[in-house]
Amino acid sequence: MKTTVNHRSLGGIMRPYRVANVLRENETTHTLLFDGRLPEAQPGQFVMAWLPEIGEKPFSIHANIPLALTICDVGPVSNAMVNLQVHDRLWLRGPLGNGFELKGSKHLLVGGGYGAAPLSFLAEEALRQEGEVVACLGAKTKADLILVDRLTSLGCELRVATEDGSEGSQGLVTEVAQEAIDAFQPDCLYACGPTGMLLALADFCQQRGLPAQLSFEALMRCGVGLCGSCELPEELCQRLGLPGGWLVCHDGPVAMIG
Amino acid sequence: MEASLAADFLGIQMKNPLVVASGILGTSASVMERCAREGAGAVTSKSAGPEPRTGHANPVTLAWNGGVINAIGLTNPGCREEVPLLRETHRRLRALGLPLFASLFAPSVEAFGEVARVIAEAEPDLIEVNISCPNVGSEFGTPFSATAKSAAEVTAVVRKAVKLPISIKLAPNVPEIGRIAQAVVSEGADAVTAINTVPAMLIDAYAGKPVLKNATGGLSGAAIKPVALKAVWEIAQMVSVPIIGTGGISCGLDAAEMIMAGATLVGVGSAVALEGPAVFSRINRELEAFMTQEGYPDLASMRGKALPQK
Ligand SMILES: Cc1cc2nc3c(=O)[nH]c(=O)nc-3n(C[C@H](O)[C@H](O)[C@H](O)COP(=O)(O)OP(=O)(O)OC[C@H]3O[C@@H](n4cnc5c(N)ncnc54)[C@H](O)[C@@H]3O)c2cc1C
Ligand SMILES: Cc1cc2nc3c(=O)[nH]c(=O)nc-3n(C[C@H](O)[C@H](O)[C@H](O)COP(=O)(O)O)c2cc1C
Ligand code: FES
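Keeping their order, the protein sequence lines are chains A and B.
Numbering follows the numbering used here, with no gaps: position 91 of the first sequence is 91.
For any residue, its number in the numbering used here is found by taking its place in the second sequence, counting from 1, and adding 258.
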């Protein structure tokens, strides 16, 4: 298990940011760029974002210079956040949790749905260190894909899968990822997306002896390892070889497998 | 010679005096087992009540500069669901040589008895009666910890309902906590836990609004250590039952100070936010080093040292 990041104590207080720009990723997903940055954020870490009287929810850090979040409208809180306009405020506490750690020089990134959100931050970091990056993105249909252009323009080799075949190959992103493992022979796989996708990738990587870093989601309340609400179910921990009582907010969200 | 951290609490032998405070990772057998493996001496489960509760909406917790503020709102699966969870936890803790303390709360005096009877089915080593949560006032009214009379009434009902040892958890925001401790002990409390969080709130100047969804909450962590020390120091002068001294403990010296104020065991909650359950082994290491260096062979030689000499 990784040790705690040393700047966790900074993650406590809410700080107000203003929206400086909004990028429309698709029908339901917007990337908000802010007028500032977080202290020392790593790719894969997250923030708790708060709108007074509406609520507070976790979001991955999409970029930090300037700070950006990619938010998909799935319910009341994310809806209010997706509708923020330039100059509106959003309050954030973070960075929280433990993020990705680049291993080796050939990196395979896999994102399902808005799971792609933290991957461009990771890709930027990997490319800055002169690594090679292949990114696999998947979604139900073409309209749900996000960050395809962003990752391509950064210099990643992109492979896309949609369930209905409206873009890239037809099928699941896990299938494209498996092909990429064979063709690209990465040193490590980094993934973020639905739990089912992560588990399928974990099985596959374990068979191949490929280290994997998987970013999990869970119901977050305190976000700082006190309340227990984000504990990964024990069966999942056993399956992934993680110690029992693994907390997504404190030990994760990124789990190191293999 | 190395100092011993072994603690004797109501005849229960513990490896060390550190207790996971209620509401801190006490939500599942696996997470409580983790706290045990990472160095706690005993684990308290999250307070369970008569019915399941989802608790308050986010924001529920902020690690604020001086500590933590929370209004979780007593999220719990209800006491009936809690029993199998406690049984499984107890099985795992026993294998590691640790006792389980089960916390409970209720909205009325009578309900405390009913919840205690249900929780007792799991046979925890101690039942901790939370009469002092500051975050459910809008539903439950003034906490029972507010007066000696209401605190004693709850104690009497729980005492009648169960044979297991009971500890009553007191609130700091009262004029004379020692008198309240006296009242609960005279109704049969075997121990006292002090303190719960201090009623508090945060307002964000830019938002012009309270930050917690519940507006108000409870303060814990470093900011309340002096409040907790005073409470325990006063209680220790009024009663002779063991005290689980809780509030703002985050290092070995804090724990030593709490024991010198008269505590037998030391509860640790908010400090877990900064470094996870590994905080327990660090506090133990620091406490042991302090005791060895200062020539305290065991906890008893340190206990109550800061109390006025009779
Ligand atoms: C560490 C972490 C990082 C995250 N990063 C991002 C991010 O970068 N971008 C982002 O958009 N979201 C991210 N999320 C998820 C985000 O927190 C939720 O989408 C958000 O909480 C929704 O809040 P809400 O109040 O709008 O909807 P809720 O009321 O919480 O949910 C509305 C409905 O949507 C469903 N729902 C909730 N989450 C999802 C989901 N993930 N997929 C499909 N359906 C869902 C719920 O079951 C419910 O039925 C992250 C979550 C975690 C734990
Ligand atoms: C997030 C959180 C949840 C808590 N939940 C409970 C609870 O359910 N029952 C209870 O008796 N005390 C609860 N408390 C209070 C703690 O048990 C403890 O008394 C208090 O936090 C002071 O200790 P500390 O400063 O070490 O945190 C909670 C505290 C926190 C921070
Ligand atoms: S959200 Fe509270 S422990 Fe993770």
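Simulated from the structure, these hints should not be mistaken for laboratory data.
Even glycine gets a Cβ: it sits at the ideal position worked out from N, Cα and C.
Just to be clear, a hint being listed does not mean it is correct.
[What the hints assert, rightly or not] Example chain B residues on the side facing chain A (calculated, C-beta under 10 Å, incomplete): (1) R292; (2) E296; (3) G297; (4) S528; (5) A547; (6) F548.
[Unchecked claim] Now the stretches of chain B that chain A is said to cover, found in silico as 3 or more residues with beta-carbon under 8 Å: (7) 272-286; (8) 318-327.
Now for the hints, and whether the structure bears them out:
1. This hint holds: R292(B) has a C-beta 3 Å from the nearest C-beta of chain A, less than the 10 Å allowed.
2. Taking 10 Å as the C-beta contact cut-off toward chain A, the hint placing E296(B) at the interface holds, the least distance being around 9 Å.
3. At its closest, the beta carbon of G297(B) sits 13 Å from a beta carbon of chain A; the interface hint therefore is violated under the 10 Å criterion.
4. The closest approach between the C-beta of S528(B) and any C-beta of chain A is roughly 7 Å, which is under the 10 Å cut-off, so the hint is satisfied.
5. A distance limit of 10 Å between C-beta atoms decides the matter here; for A547(B) the minimum to chain A is near 21 Å, and the interface restraint is violated.
6. Taking 10 Å as the C-beta cut-off, the interface hint given for F548(B) is violated, the closest approach to chain A being about 23 Å.
7. Closer than 8 Å: that is the beta-carbon criterion, and the stretch 272-286 of chain B has 6 residues meeting it against chain A, so the requirement of 3 holds.
8. With a threshold of 8 Å between beta carbons, the proposed coverage of the stretch 318-327 of chain B by chain A holds, since 7 of its residues qualify and at least three are required.
Hint compliance for this structure: hints 3, 5, 6 are not met, and every other hint is.
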